[in-house]
Amino acid sequence: MKQKIMVATAIALLSTAAYAGQKTPFPVDVDLVNLTASGDMLTAANARNDNEFIGCGSRSISDGAGGVFRFGFCQAEDADGERAFCNTSDAGLLDEIRTVSDFSFVTFSYNEDGECTRIGFSTQSFYITRVRR
Amino acid sequence: MRLLTVIAIVQLVLLGLLFARIVDLERRIPDSTATPVAVDNLQPFDMPSVAAGTGSGTVDEDRLRQIVREELEWQFARAGSLPSAAQPVPQELPMDPQMALEYEQRREAVSQRLDYFSQVGRINEAEMVQLQTEIARLRPEDRDEMLKRLFRHLNTGAIDGRL
Numbered sequence: 001m002k003q004k005i006m007v008a009t010a011i012a013l014l015s016t017a018a019y020a021g022q023k024t025p026f027p028v029d030v031d032l033v034n035l036t037a038s039g040d041m042l043t044a045a046n047a048r049n050d051n052e053f054i055g056c057g058s059r060s061i062s063d064g065a066g067g068v069f070r071f072g073f074c075q076a077e078d079a080d081g082e083r084a085f086c087n088t089s090d091a092g093l094l095d096e097i098r099t100v101s102d103f104s105f106v107t108f109s110y111n112e113d114g115e116c117t118r119i120g121f122s123t124q125s126f127y128i129t130r131v132r133r
Numbered sequence: 001m002r003l004l005t006v007i008a009i010v011q012l013v014l015l016g017l018l019f020a021r022i023v024d025l026e027r028r029i030p031d032s033t034a035t036p037v038a039v040d041n042l043q044p045f046d047m048p049s050v051a052a053g054t055g056s057g058t059v060d061e062d063r064l065r066q067i068v069r070e071e072l073e074w075q076f077a078r079a080g081s082l083p084s085a086a087q088p089v090p091q092e093l094p095m096d097p098q099m100a101l102e103y104e105q106r107r108e109a110v111s112q113r114l115d116y117f118s119q120v121g122r123i124n125e126a127e128m129v130q131l132q133t134e135i136a137r138l139r140p141e142d143r144d145e146m147l148k149r150l151f152r153h154l155n156t157g158a159i160d161g162r163l
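Chains as they are written, first to last, in the numbering used here: chain A, 1 to 133; chain B, 1 to 163.
This is chain B alone, in the form it adopts within the complex (with noise of 0.2 angstroms):
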């Protein structure tokens, strides 16, 4: 009887350090998402010092952006491509030797067709429809490129056609 007794309070004991431990631990959680780490002297990602870094917080969509923002700068001035103040940053990130070698017979190709129609003299509505398209395709500067020379070769009389 006595034994059961001494069994029961130890128990007890047990449960109440259990409940203080669930207490002590719902108290820290709401802690740790609530308060923002500060992220100071961003580096890459792969370098040790951020690799080991803030796990546990949490970082504010500003920040975020920073971080990305810097990432990218990181990699292009490791790249040895950082756009200064001076140089426009470039529309569209570098492309493999094939894509652009793609993109420049892709190019070539409007310009060609252009320079067929300006010397048949005239294009027709499908032709006009897939030559939009084709120029559709192309880079914002040779867009605007292909445009010109197609709208100076419709005023100039150089191709007869209609939008």
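Okay, chain A solo, but in the shape it has when bound (with noise of 0.2 angstroms):
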């Protein structure tokens, strides 16, 4: 019995040590005051509620005469249910946008025309808070 309560003991030491690490999670959160949203995807897609999301993505539509229409946008919605959305065709923030990456961690601030005015990501070990076997 003492020898199966040492294995067991050892065993959730082990396990322990897979998960070691800092961890930082971010939630989304919707600031509609200064318009900003910022949160890390791997947080808000393990979250307990329906609402949290955040993201950013990019469009290219055949304008119809032989070009193509680029524009970009970032959204999220935090927990309370306060979203946020913004679009661009700045090329400087467009090369922003692809930048991201699975476990990054989103931040954006647009205008009350629902412009983007900053786009950033961040992807860093601490963001990761669950690691999926």
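Note that these hints are calculated values from the structure, not bench results. A hint or two may mislead.
Below, in silico cross-link-like pairs of lysine to aspartate or glutamate (DMTMM-like), each with a Cα-Cα straight-line distance of 20 angstroms or less [to be verified]:
1) 23(A) with 102(A)
2) 148(B) with 125(B)
3) 148(B) with 127(B)
4) 148(B) with 112(A)
5) 148(B) with 113(A)
6) 148(B) with 63(A)
7) 148(B) with 115(B)
8) 148(B) with 104(B)
9) 148(B) with 102(A)
10) 148(B) with 90(A)
11) 148(B) with 134(B)
12) 148(B) with 160(B)
13) 148(B) with 96(B)
Two chains, each in its own frame: build the complex with the hints.
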């Protein structure tokens, strides 16, 4: 019996080690006063509510006349149901959108017209709060 | 025998002249292609001085661009719509009345769809894709206006939807 307890304790300690490391989950927060939104995608995806999400993307659409209309966007909703949306055709911001990755922390700002004024991503280990096996 | 000799001599002389002519022509051909023709005092192509002008010469690329630019400016001036320094150059050439009407109807249709979605209060994924496709077919300034309206509605909650 004593031996079984020791084995179980050892397994428990080993599994704890697998989850070690700094963790800084960042739930989605939409600030409707300052017109900003932030949050990490993994925490949003694992949230215990149906509202939370955050992300950015881009669209390239034929204009029907031989050209292509490109724009980027970011969107977020926090646990309270507050939402933020912005779009951009700015080449620099479109370049930034291309740098997003699966586990990124996302932050963006926008103006009253819904135009993105700031887009940022940060991909760091402490945003990865759950190891999937 | 004597006659044959004379004929042979005449033939030799003619061959010599022909050869000299060929050499002269070969010397002239590279000269004409290597020397750019000066194009001064440009005027529209339908004016006599240009129409009768420098057909045999070549014009370098920059000069050619300038000619095209000046020709377009002249056409604008003749149509009474020469863009001045204070007036920005239009993005597109003026449309004929029928095309302008069709475009205005297309723009109005997008505007009405935006109004419709804000009245209904939501837009689904397929409708969002369709709306974006219609917005893409507008002029840049109209795209900006429609996107602003769409994103304002999304931000105020007048339209419930996602991109």
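Hints, one by one, checked against the model:
1. Between residue 23(A) and residue 102(A), the direct Cα distance comes to roughly 17 angstroms. Compliance with the 20 angstroms bound is thereby established for this hinted pair.
2. Only pairs whose Cα atoms come within 20 angstroms are accepted, and residue 148(B) paired with residue 125(B) is accepted, the gap being roughly 19 angstroms.
3. Of the supplied pair hints, the one linking residue 148(B) and residue 127(B) holds, its CA atoms being roughly 17 angstroms apart against a limit of 20 angstroms.
4. The straight-line distance between the Cα atoms of residue 148(B) and residue 112(A) is roughly 9 angstroms, inside the 20 angstroms bound, and the hint therefore holds.
5. Between residue 148(B) and residue 113(A), the direct Cα distance comes to roughly 5 angstroms. Compliance with the 20 angstroms bound is thereby established for this hinted pair.
6. Taking the CA atoms of residue 148(B) and residue 63(A), the gap is about 18 angstroms. The hint holds against a cut of 20 angstroms.
7. The hinted pair formed by residue 148(B) and residue 115(B) meets the criterion: a straight-line CA distance of about 13 angstroms does not exceed 20 angstroms.
8. For the given pair, residue 148(B) sits about 19 angstroms from residue 104(B) by alpha-carbon distance, which is consistent with the 20 angstroms threshold.
9. At roughly 28 angstroms between alpha-carbon atoms, residue 148(B) and residue 102(A) are farther apart than 20 angstroms, so this suggested pair is violated.
10. With a CA separation close to 14 angstroms, the supplied pair residue 148(B) and residue 90(A) stays within the 20 angstroms bound.
11. The straight-line distance between the Cα atoms of residue 148(B) and residue 134(B) is roughly 15 angstroms, inside the 20 angstroms bound, and the hint therefore holds.
12. Distance hint between residue 148(B) and residue 160(B) is fulfilled; the C-alpha atoms sit about 16 angstroms from each other, no more than 20 angstroms.
13. A threshold of 20 angstroms between alpha carbons decides the hint, and for residue 148(B) with residue 96(B) the separation of about 28 angstroms lies outside it, so the pair is violated.
Taken one by one, the earlier hints fail for this structure at numbers 9, 13, listed in ascending order.
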